[in-house]
Amino acid sequence: MLCATSRLLAARAASALPAHPRGRGPAPRSRRRELHFPGHPELPPGDFLAGRFARPSVLAGRRAILRRGRMPPAAGGGLAGSELRPRRSRCGSRAARAAGRDGATEAATARSPKRPAPPSSRRFEAAGRWALLALVTLTSFATRFHRLDQPPHICWDETHFGKMGSYYINRTFFFDVHPPLGKMLIGLAGYLSGYDGSFLFQKPGDNYEHHSYMGMRGFCAFLGSMLIPLAYLTVLELSRSLPAALLTAALLTFDTGCLTLSQYILLDPILMFFIMAAMLSMVKYNACASRPFSAPWWFWLSLTGINLAGALGVKFVGLFIILQVGWNTLSDLWHLFGDLSLSMVTLGKHLTARILCLIVLPLALYIATYAVHFMVLNKSGPGDGFFSSAFQARLSGNNLHNASIPEHLAYGSVITVKNLRMAIGYLHSHRHFYPEGIGARQQQVTTYLHKDYNNLWIIKKHNSNSDPLDPSLPVEFVRHGDIIRLEHKETSRNLHSHYHEAPLTRKHYQVTGYGINGSGDSNDFWRIEVINRKFGNRIKVLRSRIRLIHLVTGCVLGSSGKVLPKWGWEQLEVTCTPYLKETLSSIWNVEDHINPKLPNISLEVLQPSFPEIMLESHMVMIRGNNGLKPKDNEFTSKPWHWPINFQGLRFSGVNDTDFRVYLLGNPVVWWLNLLSIALYVLSASVFAVAVQRGACLPAEVEGLSQVLLRGGGQLLFGWMMHYFPFFLMGRVLYFHHYFPAMLFSSMLTGLLWDTLLQLCAWSLASYPLARCVHALGILSLLLGTAYSFYLFHPLAYGMVGPLAQDPRSPMAGLRWLESWDF
Amino acid sequence: MLGFLQHPVVVTAEVNLNMVALTAVGLLSRLWQLAYPRAVVFDEVYYGQYISFYMKRIFFLDGSGPPFGHMLLALGGYLGGFDGNFLWNRIGAEYSSNVPVWSLRLLPALSGALSVPMAYEIVWELGFSHCAATGAALLMLIENALITQSRLMLLESVLIFFNLLAVLSYLKFSNSQKHGPFSPRWWFWLVLTGVACSCAVGIKYVGVFTYLLVLGVAAVHAWHLIGDQTLSNVRVLCHLLARAVALVVLPALVYLLFFYIHLLLLYRSGPHDQIMSSAFQASLEGGLARVTQGQPLEVAFGSQITLKNIFGQPVPCWLHSHQSTYPMIYENGRGSSHQQQVTCYPFKDVNNWWIVKDPGRHQLVVNNPPRPVRHGDVVQLVHGMTTRLLNTHDVAAPLSPHAQEVSCYVDYNISMPPQSLWRLEIVNRESDTDVWKTILSEVRFVHVNTSAILKLSGVPLPDWGFRQLEVVGEKLFWGHHESTVWNVEEHRYGRSQEQKERELELHSPTQMDISRNLTFMARFSELQWRMLTVRSDDSEHKYSSTPLDWVMLDTNIAYWLHPRTSAQIHLLGNIVIWASASLATLVYALLFVWYLLRRRRRVCDLPEDRWLRWVLAGAVCAGGWAVNYLPFFLMEKTLFLYHYLPALTFQILLLPVVLEHVSDHLCRSQLQRSLFTALVMAWFTSACHVSNMLRPLTYGDRSLSPSELKALRWKDSWDILIRKY
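Residue numbers (full-length UniProt numbering), protein chains in the order written: chain V, 1 to 822; chain G, 1 to 725.
Misleading hints may appear alongside valid ones.
[Unchecked claim] Straight-line distance between alpha carbons at most 16 Å, and here's what the computed EDC-like set of lysine to aspartate or glutamate pairs gives:
{"hint": "1", "chain 1": "G", "residue 1": "542", "chain 2": "V", "residue 2": "582"}
{"hint": "2", "chain 1": "G", "residue 1": "475", "chain 2": "V", "residue 2": "818"}
{"hint": "3", "chain 1": "G", "residue 1": "178", "chain 2": "G", "residue 2": "125"}
[As the list claims (entries may be wrong)] Take a look, some chain G residues computed to stay more than 10 Å from chain V by CB distance:
{"hint": "4", "residue": "130"}
{"hint": "5", "residue": "174"}
{"hint": "6", "residue": "217"}
{"hint": "7", "residue": "223"}
{"hint": "8", "residue": "233"}
{"hint": "9", "residue": "236"}
{"hint": "10", "residue": "345"}
{"hint": "11", "residue": "607"}
{"hint": "12", "residue": "709"}
Read the hints as simulated data drawn from the structure, not as lab findings. Ideal placement from N, C-alpha and C gives every residue a C-beta, glycine not left out.
Sequences and hints are given; from them, build the entire structure.
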């Protein structure tokens with residue numbers, strides 16, 4: 001940041017040089033075309049930043065300085081020169097900076113080219129910039145930390161993420177659909193701030209009482225406050241304009257939605273922090289492209305990678321920022337590749353550097369978070385049943401931990417049978433019948449995720465009911481291809497199937513428990529088969545993947561994964577499928593195994609390796625995510641609701657006596673954002689068409705159009721990447737999913753209005769008031785958002801009293817949409 | 001003056017015999033024994049019922065695609081004089097003599113046959129040789145899966161026809177751009193592009209992918225046009241406008257036209273009426289219109305009404321109440337108010353009748369003149385048969401405990417006063433003083449005391465509630481959702497003061513005058529919306545497959561089996577063509593990336609015009625394959641092998657393009673070139689041979705012995721039916 005800021009000063013200062021933009025080399029038109037390729041040969045290396053973002057006047061001036069201050073002229077563009085030059089001299093930042101300062105001392109400030117200024121005013125301005133950044137940061141922290149302890153009870157999803165933080169402190173294993181980093185950080189923050197993990201986090205509204213929760217909230221609020229300086233710096237880098245950055249910061253500071261979302265123990269502030277940090281470091285690293293392999297270049301590049309790992313480690317939607325960085329890197333490489341002055345070796349170095357920093361490093365960090373996750377959580381907890389038998393053997397307190405069981409299945413063994421598809425559970429039956437009208441009225445067979453005595457089955461021979469555990473009989477092992485009977489231990493009914501349709505999946509057959517004390521009929525016979533083994537082989541506990549084929553109908557025992565209605569206790573449906581396709585849902589393994597006649601072996605040998613655990617936990621998470629389907633008649637938030645701020649989310653409280661917090665964007669900010677996107681698309685396409693038509697734009701306008709097309713383009717792309725994929729998602733969606741996209745959209749708004757107002761000022765240049773237009777416009781936008789924040793701040797900081805539809809409420813006039821519910 | 005006579009009238013005819021021959025062979029292969037088998041083959045069972053509906057002019061709703069495809073098939077039936085009397089109930093059923101099988105199958109077969117010369121034209125228009133063009137057409141001709149699919153009453157071949165037509169006419173259009181912009185020829189092809197695109201979309205929604213591809217290519221060309229500074233601004237604007245009209249506006253209009261004809265043809269009520277809104281049903285002859293004929297339009301105080309929920313999920317139903325009360329204690333131990341149940345009932349019943357009452361007055365009849373109910377009025381709803389008031393209070397609903405219970409108030413003389421005032425909100429009002437109208441108005445009932453909204457939760461009640469659907473007062477929600485919106489379906493003015501007379505009145509059928517004032521656009525948008533949202537049960541099918549199975553033809557579909565012999569029809573492609581087409585796509589992609597990277601380093605392997613031709617061929621063929629294939633990975637519906645056929649045709653077009661390119665540019669010596677030609681000939685011969693071997697499964701005309709069938713099962717995953725004697 002230090003490098004960037006002082007370079008910014010150099011650019012600012014240099015812009016004051018009275019160089020004419022037309023004097024900078026190639027003919028204007030071809031120059032304009034080539035501006036699309038940052039690494040293009042016509043741009044002298046070392047001037048990438050200026051060519052990309054600065055206004056033309058800045059460009060020309062700065063280039064002159066850089067040339068003067070840096071390299072010997074002979075080494076300028078030649079192939080050999082760029083090859084042989086040592087790295088240090090290639091990154092001439094220091095020289096450039098020095099030169100910039102020298103040049104700047106005799107130059108004027110950027111904003112007022114006509115008025116020369118003394119050196120002290122320049123230093124003054126530098127201090128002013130720092131002060132402004134500090135002011136922005138301070139305001140943001142002040143708004144986020146104000147009334148952070150209110151309300152002192154659990155709000156909304158704090159009940160999940162706070163609980164998961166506690167799990168880390170207590171080291172009990174749990175399952176969640178999101179990757180672990182965010183919750184680990186919350187747990188760490190709680191641990192460091194003296195929270196002991198003893199609060200139960202049962203349901204929203206529960207009081208925290210004596211438990212210390214401020215550490216966790218403070219940590220989230222800290223990251224949430226950091227969003228604003230990050231956005232400020234990003235826009236500053238992209239637009240090179242303070243007012244744009246300031247406007248962005250104001251929009252985000254004064255947005256009630258961002259504020260609310262930052263004040264509680266949630267994953268979103270953490271996720272958004274990493275997204276914004278990745279964006280900022282990507283932009284900074286783009287700006288360093290003129291000095292590849294210099295220290296700042298490496299720094300920003302690897303920081304991008306680290307932040308990407310962070311974003312993905314918190315929630316899977318972090319993938320979108322990875323795609324954006326990926327796209328940016330590809331186009332970057334493409335431009336470098338087109339630069340004939342770079343040899344293939346240099347290109348190879350570029351490619352390797354990016355692979356190292358943007359793929360290898362994030363992947364290593366991401367895997368490391370999982371390693372820590374699995375190391376910390378070593379006690380059995382509520383998440384065990386979601387995972388395979390072998391995985392559970394790792395967890396202390398689980399009945400499989402340090403257990404020893406017989407290795408091969410024999411007749412008379414008592415077993416539990418688990419489905420291989422993730423999150424299906426154990427084959428289960430209980431003393432309840434299928435209701436009238438749903439197949440035969442026999443005992444239900446389901447799958448169940450929790451461990452229970454009703455999961456136990458006894459393997460018996462199909463044709464004899466003699467007790468195989470009789471010590472006088474020899475042990476007889478079950479072999480691949482044997483015909484067996486499975487008797488439910490608690491109810492002594494046989495696993496049975498017949499030509500009745502299954503309760504939910506109508507094309508499959510029903511599976512029931514049938515018979516009395518183990519005597520049933522020929523529909524109780526199943527052929528046991530091991531996948532990919534030879535006939536006659538024994539069947540191993542945990543290891544063997546088995547299928548059970550119904551002898552009479554030829555169908556395969558499986559679970560459809562559908563949830564049965566109330567009568568089935570909302571357990572999962574078990575069916576016998578006539579389609580013999582090999583899917584995981586029809587493959588099972590034997591987990592518990594009790595047979596006193598057989599010697600036990602230790603389960604240690606079965607422990608899965610770390611890559612297997614990684615793969616398995618990802619499969620479970622993805623299935624969990626896909627499983628979050630909205631039910632019929634449930635009011636779900638639709639992606640098109642979000643940008644128009646259609647409806648908020650209740651964080652806390654319902655009635656007029658409650659302390660109510662309502663997550664809703666500041667409508668002024670949000671609707672301005674919406675308008676800005678439309679306006680941006682319009683103005684950007686006007687500029688793009690003008691450029692394509694070869695129109696000769698005045699130098700000033702051309703600079704602005706570059707900011708609009710390049711910087712704005714990146715932000716718009718970010719908005720689209722973080723918004724549109726939600727339209728394709730089948731899972732339940734919530735309003736807060738929009739907030740990463742909203743950050744990008746606010747940055748775009750800041751950049752757009754500054755550019756448009758500058759354009760406006762420029763076109764009015766002949767009038768006396770022209771210079772005020774820009775300042776007035778920005779000021780009124782700033783004040784407008786601030787005032788709207790004043791109006792809407794009770795949404796975030798909490799309100800008590802009558803609801804807004806009541807005319808006595810202070811919020812009465814502010815319910816602008818009927819769907820808002822505060 | 002007579003200048004036009006100065007030149008003689010000359011007719012120059014140029015006949016491409018290649019084309020003629022290809023068309024002829026194409027027709028022969030698709031039309032040969034078209035009426036065989038005279039039985040329902042696979043999905044004919046599905047399309048056939050829609051043809052019958054068209055013939056009988058009965059309204060239906062099919063979520064699988066827009067109506068143009070069904071209409072084309074029905075056109076065949078119309079031309080063959082089909083009366084629609086056939087029960088399409090199972091695959092393999094013999095057609096009765098009144099079904100004109102030949103003419104029903106004619107249109108798909110013709111489109112399949114014409115695809116062959118079109119493939120020729122496309123490759124030629126892409127700038128490749130006649131040899132490559134002939135190759136492409138021959139491959140289309142002998143591809144077994146395409147033959148099977150076009151010889152039956154199915155829509156894929158028609159879809160493929162319009163896809164190819166759209167691409168072909170766009171290519172012709174863009175080729176005529178150079179020498180004669182705005183000439184009649186130019187206009188013709190431009191307009192034809194738009195029409196063909198909308199026809200493709202009108203047959204199946206997946207046609208939209210080809211449309212998007214054409215639009216994309218057109219957009220890139222238009223962008224170059226903008227950059228062309230030899231053209232004046234006005235001329236560029238004209239070009240852009242012409243494209244926008246022909247490629248965006250015109251297709252939209254044509255698409256609307258399909259629906260217009262569809263709704264014009266189907267004017268009788270039928271089995272799918274229930275899914276549509278009351279207003280829509282009222283516009284169908286013999287549907288709700290019969291019931292609601294002559295109803296008064298404006299609901300007044302004292303009106304007797306039935307209230308239907310707009311949402312219609314899980315089933316369309318009416319607000320209902322009956323003598324039974326909520327059980328004192330539910331199974332899970334919670335208590336209820338023990339008042340009379342209010343439910344939503346999916347059948348017409350006398351207990352669905354409610355009377356609108358003015359809270360300030362006692363009478364339940366309509367005054368003369370009637371006093372209409374307006375938006376914002378507070379009303380009470382009286383259940384007609386039990387004369388109890390619709391009520392809600394702060395008691396948890398039976399199955400949705402977060403919401404309030406809705407009941408008909410029974411006074412138990414305990415501390416629970418009636419809370420039966422409801423404020424009427426007309427959702428689709430134009431002004432705040434709108435009158436509540438029968439059928440047309442969509443209304444919400446907001447409870448005055450608790451601000452809860454009357455809502456259908458859609459959960460079936462247990463046995464005590466007779467499995468009717470639960471109705472609740474939703475207090476948490478203020479947004480718009482269709483399950484909170486109701487409309488009046490049946491309506492009459494109450495005349496009888498006495499309860500006994502009123503019960504008689506309620507039992508008597510309604511009859512009054514009809515309001516059929518739904519505009520076409522309203523009907524269209526409702527129908528389109530229902531078509532997109534109607535949910536087909538996600539059924540597993542024996543022959544369903546995943547997109548990954550398609551590329552290398554790992555699956556097949558048994559379409560039909562002869563009732564006695566083992567003659568059978570399968571959707572089974574020519575595996576040589578499938579494999580080599582997939583390979584060609586891969587080769588194209590690799591070569592493309594290679595050339596692109598080298599051009600970036602200023603190494604031009606291809607001259608500029610060759611390169612542009614190569615890129616365009618890739619955009620159309622490889623791009624056409626990609627847009628027609630990749631989206632299936634995101635789709636959640638049941639997929640079948642035939643979904644791949646549109647993508648396959650584009651892949652087949654790419655095959656000769658890649659072969660010609662390899663021969664022209666990668667074979668460096670004459671010897672290599674000859675060798676390559678020989679290889680290609682050998683490969684083509686093998687493709688023909690395979691095609692011939694699979695012919696019995698394509699036409700189903702010959703019964704094969706079990707050993708022959710086993711010999712044809714080249715992949716374990718192919719499911720060929722072998723009879724056990």
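Going down the list of hints, with the structure as the test:
no., hint, result
1, G:542 with V:582, "holds (13 Å)"
2, G:475 with V:818, "holds (14 Å)"
3, G:178 with G:125, "holds (14 Å)"
4, 130, "holds (37 Å)"
5, 174, "holds (19 Å)"
6, 217, "holds (18 Å)"
7, 223, "violated (7 Å)"
8, 233, "violated (7 Å)"
9, 236, "violated (8 Å)"
10, 345, "holds (16 Å)"
11, 607, "holds (20 Å)"
12, 709, "holds (19 Å)"
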